[in-house]
Amino acid sequence: MSLSSRAANGEGFWFGKGAPQAPVVPFNTFLFKIASRCNLACPYCYVYELRDQSWRAQPQFMQRSTYSAALAKIRAHLAAQGVPITHLIFHGGEPLLVGPQRLEEFATEARKCLSDVTEVRMGLQSNGTLFDERFLDVVLRTGVSVGLSIDGPPAQHDRLRPYRNGRGSSRAVERAARLLEKHPDVFGGLLCVVNLDNDPAEVWEYLCSFHPPGIDLLLPHATHDHLPPGVNAPSEIVRYGEWLVQILDLWYGAGEDRPDIRLFSSIMRLLLGRDSMVESIGNCPASLIVIESNGELEAVDALKACYHGAAYTGLNVFDHDLDQALGKPVVKSRQMGTASLCSTCRRCTFRDTCGAGYQPHRYSSRRGFQNPSVYCHALKMLIRRVALLMQEEFRSIGFPVPRRVQTLARQKLGVGDA
Amino acid sequence: MLASMLALSGSASASFTPQERDKAIEKLTPGALKRLLINLRAEDQRAGGAPGRLAQQHSQFVSAPPK
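Protein chains in written order, with the working numbering: chain A, 1 to 418; chain B, 1 to 67.
It is worth saying that the hints were derived from the structure and are not from the lab.
We put the beta carbon where it would ideally sit given N, CA and C, even for glycine.
Worth double-checking, as some hints may not be accurate.
Only part of the chain A face toward chain B is listed, based on derived beta-carbon distances under 7 angstroms [claimed, not checked]:
#	residue
1	P59
2	Y252
3	G253
4	F399
Listed next, with one range per pair, are the computed distances between beta-carbon atoms [unchecked claim]:
#	chain 1	residue 1	chain 2	residue 2	range
5	B	N39	A	E242	27 to 35 angstroms
6	A	L388	B	Q19	22 to 30 angstroms
7	A	S5	B	P30	49 to 57 angstroms
8	B	P30	A	K182	44 to 52 angstroms
Derived EDC-like pairs (lysine to aspartate or glutamate); straight-line CA-CA distance at most 20 angstroms [what the hints assert, rightly or not]:
#	chain 1	residue 1	chain 2	residue 2
9	B	K27	A	E392
10	B	K27	A	E256
11	B	K34	B	E20
Extracted from the complex, chain B is given alone in its bound form (with noise of 0.2 angstroms):
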């Protein structure tokens, strides 16, 4: 079920590997996409390398308190 939610949000498509996604972190001066790309990083780390997998896992709601 994950793999065609997640194909009918368009989450599937991977910009990069994680490899150049290291690499850009290295290179990137402290702002906005640097702190993004750490993020993913760390997000892909807690679920196992799967890309995508937290989507359902965080609150959406837009007014609701981010944590």
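Chain A extracted, bound-state conformation (with noise of 0.2 angstroms):
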């Protein structure tokens, strides 16, 4: 059977054979490609340079005219399914390429309409190298709040994030972080791709010397099929795991005004029996939908580094309801829980509080999406990590361990065991 046959089908793929169906959970976060190019050459990037090269037959810019078709589609769904608080995120490619005349038009035009159905909360995702105030007039106006992308202090993010000539993009990043820095009501927070070569304790100091509400720290994607940077063998996953685990000790014990850093605190929230605050760690339903610059809606954007086409839903804003979208298996599959996933990782100690990772990393052309993630020892260690630092800071204080806690700090991983 041709992988497209697999995925549309679903089972053995995007979950196993005779998974039981989960409730649907409503979108509540919108991700809108406005513009589908990108003025950087990131070498990591899984919109131009992975699997997927679906980007080359986008417009450059969505249309107006998609837009409010796209809000039109929105509206009808928050209607019907009573979302109280809906995201709205501004991405790309590059989102600041539309210029700040048509961003603020797009906000405008958002909060217009929807605003009596639900709370509009609006982001943007940049590479921050054409945020300057004429955009920041725009946010502050608007109440868009910005993320920006830095991978660390000037010689490693140029190494990583340059211009398509090559040139870093540092100096302009640096300079839309000192701006928002002194606007805290419109930082979203810093986003940064882990990268081996790169000392982790160098990148949290000088992330924090921004001083961002949080900090999102990303894996490079990858797969079964495609290991990530600067792994050849399964058995170096671990490296991720020491590099995590080193930022995580600095930011455990950093004082209350150091920033957030969502996928170890979402970890806490997890083994305390509490939701996730983002969808790569976790059993939480993901509730994201992603709307291309044509107008077609698609899962997650981050498949895309697996295979051309994963995130296809073969759905799009004009011909058809987002309610529809709830019934792809690409979609369904991340609203399952523990059903969707394989067999080992149903088994896992871990399984609660891990969740087999972000859904991309799990995939392999055998199997789909029915493996481990490819990053499964080193999630075990910053788990296990995170369980320790509990368990040893509830017993300082003579309060009972949670079980969740002291079952997943005892836990012995074999290769790599720090």
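The task is to assemble the complex, starting from two chains supplied on their own in separate frames and drawing on the hints.
Structural data, given as structure tokens:
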């Protein structure tokens, strides 16, 4: 059976055979690809540099008519489902390529169209190179929070996030971060892709120097077919675990004024039986849909790291309702919790905290998404370390250690056990 | 639907009572755990005392601004 037939069928690809159906969770996060091109050429980019090349068929920018059609469908979905808070994310490519005027029009139209059915929260994720006072004025006026992508101090950032001519982009993004630092109301946070060549302590200190409210650490997109950068064999995945644990230790002991790292605080929440704040860890149902520049509805765009067309639903905002997307296996699989996991993960002690990590990282051409994460061992190292730190702290105040914390703190991991 | 959704994600199991949590907050020194428990207390208060109610109210997207 071809890859696309297996994906369309779902069973044995996105989720196991005979997996029970999950209750449907409405969408509350809408990711708009308002620009499908970028002015940087980051070697790890899942949109342009990995397996999927569908960006080539996309218009450079989302047309106003496409945007309006999408908002109308979103409004109908939110009104029918009763979603109290809705997140609109302007994304790309590089979303600021649309210019300040169109960004303001997009933001204003969204508030106008949706505010009577839901509380609208808007954000954008940018490489920061174009962010200046004009954009600052727009985001302050419209209440759009801005997240910037910074991979570390200038020399490290420039190596990983160059312009198309090879020049580094650190100076421009530093300027953007300094602008946002003065406006915490619209500073969404920093996004940093983990790179083993960078010193975790240096990265942590550098990111903290901008006083962001939060930091998202992202593992580079990789699959069982294409191992992560710096890893030549599965056993070397421990290097990512060691890197994360080093930052974790710095973050965990830091003062109140240091930024949150959602990956770490989500693990702590999960260990206490609460929900995760990010879709990359835990079993909580994901509630996000992507609207491509041409109006196509797609599942989480990081799936593009897996194979060409992985995020494809076959639906668009002109001809289909958003509810129809909820029935697609690629979307459903992210709302099924444990039931979507492979048998190895379903039996694993870490299951309810790890949730097999980020869905794209489970992929292999042989078994679809029915694998543990390619980062499995690194995630276990990280989770166990979080559990150990929490256990130690609970004990130090004479507080009973929660069961899940206790169980995972005492797990033996074998290779790379630190 | 919410109850089954939370059961699905394993979020329904409370680790300790609100009173125990408040006692822990008092005793803990500043750091990640204390901050987390304070945040959870605030979330529960906003959600009218139903832990997990905020699960669907924040954006989970891994590369979105956290606000």
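Against the structure, the hints:
The beta carbon of A/P59 comes no nearer than 22 angstroms to any beta carbon in chain B, farther than 7 angstroms, and the hint placing it at the interface is violated. Interface hint at A/Y252: satisfied, since its Cβ lies 5 angstroms from the closest Cβ of chain B, which is below the 7 angstroms cut-off. This hint holds: A/G253 has a C-beta 6 angstroms from the nearest C-beta of chain B, less than the 7 angstroms allowed. Of the supplied interface hints, the one on A/F399 holds, with its beta-carbon coming within about 5 angstroms of a beta-carbon of chain B, less than 7 angstroms.
The hinted range of 27 to 35 angstroms is satisfied by B/N39 and A/E242, whose Cβ atoms lie roughly 28 angstroms apart. Taking 22 to 30 angstroms as the suggested C-beta distance range, the pair A/L388 and B/Q19 conforms, at roughly 26 angstroms. Hint check: A/S5 to B/P30, Cβ distance near 55 angstroms, so the stated range 49 to 57 angstroms holds. Between B/P30 and A/K182 the Cβ separation comes to about 26 angstroms, which falls outside the hinted range of 44 to 52 angstroms.
With a CA separation close to 14 angstroms, the supplied pair B/K27 and A/E392 stays within the 20 angstroms bound. As the CA atoms of B/K27 and A/E256 are separated by approximately 15 angstroms, the hinted pair is consistent with the 20 angstroms bound. Between B/K34 and B/E20, the direct Cα distance comes to roughly 13 angstroms. Compliance with the 20 angstroms bound is thereby established for this hinted pair.
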